[in-house]
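Chemist: Sequence:
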Amino acid sequence: YIGNLAKGGLFVKTGKILPVDTLFNVEFTLPDSNHVIHTTGKVAWTRSKDKSSDKIPPGMGIQFIDMSPEDEKLLKKYIESFKFS
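Quick note on the UniProt record's numbering: the sequence shown kicks off at 1 and runs consecutively.
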């Protein structure tokens, strides 16, 4: 599942690690929204089970590639809703 979400990508907590530079389809729905965000993800980095701990889980850093302008706008708005003024 998603452990961290940012404008440029996300962290997926998983024990099933893909090789760095692997490309795949990414789809997710933001909370309180019915809109599904579609993009291509690229594995930017990995953390294997043997490098993880209770506080730092295994998983992969995924970079978003070719996200539509509409999806970028929705994601940016969602992320900015958490910023303090």
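The set of hints was computed from the structure by calculation and includes no laboratory data.
Some hints here could point you the wrong way.
With a straight-line cut-off of 25 Å between C-alpha atoms, the simulated BS3-like cross-links for lysine-lysine are [said to hold, decoys possible]:
| id | residue 1 | residue 2 |
| --- | --- | --- |
| 1 | Lys-49 | Lys-73 |
| 2 | Lys-73 | Lys-16 |
| 3 | Lys-77 | Lys-55 |
| 4 | Lys-73 | Lys-7 |
| 5 | Lys-13 | Lys-76 |
| 6 | Lys-55 | Lys-73 |
| 7 | Lys-7 | Lys-77 |
| 8 | Lys-16 | Lys-76 |
| 9 | Lys-49 | Lys-76 |
| 10 | Lys-83 | Lys-51 |
| 11 | Lys-49 | Lys-77 |
| 12 | Lys-55 | Lys-13 |
| 13 | Lys-51 | Lys-73 |
| 14 | Lys-77 | Lys-16 |
| 15 | Lys-83 | Lys-49 |
| 16 | Lys-16 | Lys-83 |
| 17 | Lys-83 | Lys-73 |
| 18 | Lys-51 | Lys-77 |
Quick list of simulated restraints, FRET-style, between CB atoms [as the list claims (entries may be wrong)]:
| id | residue 1 | residue 2 | range |
| --- | --- | --- | --- |
| 19 | Pro-69 | Gly-15 | 29 to 39 Å |
| 20 | Phe-82 | Pro-57 | 30 to 40 Å |
| 21 | Asn-4 | Ser-33 | 27 to 37 Å |
| 22 | Asp-50 | Glu-70 | 33 to 43 Å |
| 23 | Lys-49 | Ser-81 | 12 to 22 Å |
| 24 | Asp-50 | Glu-72 | 14 to 24 Å |
The structure displayed is predicted, hence computed values, not measured ones.
Every residue, glycine too, gets a C-beta built ideally from N, C-alpha and C.
Chemist: Going back to the hint list, which numbers does this structure go against?
Modeler: 1, 2, 3, 6, 8, 9, 10, 11, 13, 14, 15, 16, 18, 20, 21, 23, 24
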